[in-house]
Amino acid sequence: MPWGEFKDTAAERRLFQRRATVMLVFVFLLLAGLVARMYQLQVVEHDIYTTLSDRNRVQVQSVPPPRGLVYDRNQVLLAENRPVFSVTLVPERVGDIDATLQQLVTILDVSDEDLERFQRRLREPRRPFQEIPLRYDLTEDEIARLAVLRHELPGVEVEAELVRYYPHSELTAHALGFVGRINREELQRIDSVNYAGTNYIGKSGVERFYEELLHGKVGYQHVETNARGRTLRVLDRENPVPGEDLQLHLDLRLQNRAHELLDGRRGAIVAIEPATGGILALASVPGFDANKFVTGISVPDYRELSDSKDKPLFNRALRGQYPPGSTLKPMLAIAALDSGAVTRDHTIWDPGFFQINSAGRRWRDWKRGGHGWVDLTYAMAQSCDVYFYEAAVEMGVDTMVSYLSHFGFGEDATLDVSGALSGLLPSPDWKRATRNEPWYPGDTVNLGIGQGFMLSTPLQLATATALIANRGEWVEPRLLKDIQGDRTPDEFLPSETHEPLKLKDPDNWEYIADAMAEVMHGVKGTARGAGRGAPYRMAGKTGTAQVFSLAEDEEYDAEEVRERLRDHALFVGFAPLKNPQIAVAVIVENGGGGSSTAAPVARELFDAWLLEFSAVADGPSISKADPTSEAP
Amino acid sequence: MATREVFSSTASNPLGRPRGVWSALHLDPILLVLLVALVSGGLFVLYSGADRNLDVVKAQGIRFGIAFVVMLVFAQLDPSVFRRWAPWLYIVGLAGLVAVLFVGVGAKGAQRWLALPGLPRFQPSELMKLVVPMMAAWYLSRHFLPPKLSRIGVGLVIVLLPMVLIVKQPDLGTSLLVGMAGLFVVFFAGMSWKLISAFSVMVSVAAPLMWFFGMREYQKQRVLTLLDPQSDPLGAGWNIIQSKTAIGSGGVDGKGWLQGTQSHLEFLPESHTDFIVAVLAEEFGFIGVLILLSVYFLIILRCLFISVTAQDSFSRLVAGALTMTFFIYVFVNVGMVSGLLPVVGVPLPLISYGGTSTVTLMAAFGILMSIHTHRRMITA
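If you read the sequences in order, they're chains A and B.
Be aware that the first sequence starts at 1, since it is given in my numbering, and climbs by one per residue.
Be aware that the second sequence starts at 1, since it is given in my numbering, and climbs by one per residue.
Bear in mind the hints are in silico, worked out from the structure with no lab data behind them.
Remember, it's a predicted structure, so these values are computed and weren't measured experimentally.
There's no promise every hint is true.
[As the list claims (entries may be wrong)] Pairwise CB distance ranges (calculated):
(1) R150(A) with G65(B): 51 to 61 Å
(2) V69(B) with Y39(A): 33 to 43 Å
(3) V193(A) with F44(B): 25 to 35 Å
[Unchecked claim] Chain B is faced by these chain A residues, among others (derived, beta-carbon under 7 Å):
(4) L15
(5) R37
(6) V43
(7) V44
(8) E45
(9) H46
(10) L52
(11) V105
(12) T106
[To be verified] Listed next, the stretches of chain A that the computed footprint assigns to chain B, with coverage defined by at least 3 CB atoms under 8 Å from CB atoms of chain B:
(13) 26 to 33
(14) 215 to 226
By construction, the Cβ of each residue, glycine as well, lies at the ideal position given by its N, Cα and C atoms.
For reference, chain A alone in the conformation it holds in the complex (with noise of 0.2 Å):
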């Protein structure tokens, strides 16, 4: 049919027009729909949509606050923040997280380890878009191979961490503590709004027990971030308030002096300043480096420190408990004079032994034969044993254990000391408490020169000297001697809650001190070597502890047994006699007699600390100093 007017009738034009308008119609409903939809989300759920989008350009990060650094008593820097780089993935934003570390194993030095603690981490608990470390501490190198392919690698950051630093690892690992990464049980205990930004929480030592006060608070910042979650601009900022920077009363010269004179020996010092109770050095041989634990120590590294039967990372000042011996005589001493069971002028008669009654058994001194005739200063000077078995006897054990108990035996009289341990002082009760046995008469004996049962720490010992060389006063032990800034230690110590221990004659005091003063000085004295030569007067006291046992899965050939059997090798004491300005407690194991190995020591202590150091008050360098111990 050919186009053409005939057919373009009136009839089509009108059916045209009507399906037009149903057109127009349906355009029209439709677009009102389309218009009905875009009011329903701009305006009706507006509100939804803007927080969506809020919370889709806005993150709140928190911003950990610096860790406070800490101090010895002469400004020397123990304890810093250094900036270290490290890769970390945040698996939300990574595709394909095994592909991920195969890449970045081929561009890092990724070893299996990191690759394992990796996959340890990423299975254990934490805050959805935490990033998860995978090396630390790159090399520059290592950055700039990232920064090349970071468009390839989503969730892949360079990270740069403030990371706990020790510069003097080794000689203050013990006394410092050390941070470590927050694990599981800890997360669980801190607030975790405050730990928001934060990885590394102390695990012991000052580190833990000031954790607070070197904590800081976080602060936080309102970020805009785009789909990949880089982060575009910070839209405002709370600063975090950082850690407070601490003082303490270590000296690290006189630490490093310790760690000389225990230098390839097992053993322990504790210097107090008996005026303050500040810890002067807390040292405890072999350390070991605290660095390594604060990233986390390798499986290897560890076990080597773990298995070292020179127990590195065991605490010997705090935590480790021997039988004081002989280094009890002076606080039993004061006991014996102030109960009455003995006067200064009573003397005993030392045949070598010592018996309850005659028909018993027999207690021997350490001197064969016997001293003879004995008062109490000779008794101290000479270490006699059977005077103090005597006195023991006279005293009971009540008496014994109360005095004891005045002198911080037995419990943690340490203010801000982290894991310091309380010892052991027996008792009747807590003999038929733990052995369910009645407490012997010998018991008392045993206690009446520090064998036995009872066990304390060097610490411990130390602080009894220095109730000693103060007279009675009591000022309990503690680490921090302040806090830069407004705050002051007194808000943050724990209270002293000990009383002064007052003698019915105060001058009983003096004739102790002197006791000991004889020990270092006098002719017969046991300590009288180390004491020679000195131009200032101390007080000492000489011990020696026996060895019980080994653990029987310890193997040893013979020389090491013979070398491990010896008796462990004890001295405390104080100087200069009057107005004391260090009191110190020495443990050397195995070291032999306390007067021949130990005494030693505390003479380069104290001349060190009253000769060399006073004399550089204000040097702070422990290298300038060189060993000028002159005594022959």
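Based on these hints, arrange chain B on the given structure of chain A.
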């Protein structure tokens, strides 16, 4: 003749026929102004949607230049030219679609492009958006309208054939748009309402069959995602969630030009192509959306008027179908971005960044202008 009196009275509408220079250029000034307004406004949105990339805006400007030239060329041709060419173009188009299946090039698992030596790369399916309604109109307008049942059947086959070929590429979206264009011709031709109802029933039966036999996995996924975008918020649902968030957070007056956080912080995908209306909604708010939809409505209104006032059935059918196709573009795109329809990859006409569809659309407006300005002097 009475009918001619009616016609001439319609044609004497002051808006009806361009005069003077417009007539000489065969352009409709009203439609032209609306298109220019839409395009230039769209370029501002595109600048923002492309994250201030002027190169994108320049490239799009050049495309519009080309597209306007194409429109101008098409407007010069007499409608009878389209009518005469329709069958031949249809055959060429079908051949092209078959060729695409064998030698086509493309991306993302679909072959849509035909790269013939000596010719610019083009999509035969895009050509079919114009040719299928022309072919259907050519066939149906040869006879009295409304068409008999058998003729409707043939008309449907004309529509269905290219649809099937395009689905094979696979390109479900374009196939449906081409089918729509053809079906609008059949509708305008006067297919009875009874048949339309029956047809609707057939489609609703066929839809589930399509689901199980015709659709690929990713296509099914899009539909499922529409129903529950939260089921896969970082995967398939991401686009819808983010575009709804962009639109909704825009509020009544928007966040301001270039201030949209959803698009500029890269949360909104395809922000300068298919999802550009979300950028507009976020930055210009509900008011901006109303203005945009109003401009589209005015264009459609003008085009329907052109269709109604066309001189012969072929012109009316082609003009009506192209108008409605244009509307479908708008509706599907805005519906998809606002989460009413599945994500089918239909650009927002004349605003989304992209070449082929812009040229096709402007060619369609060229045809409409041609229909409006080439009038045979029937009455004095």
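Hint by hint, where does the structure go against what was stated? Just the numbers, ascending. Hints 1, 3, 7, 11, 12 are the ones this structure does not satisfy, whereas the remaining hints hold.
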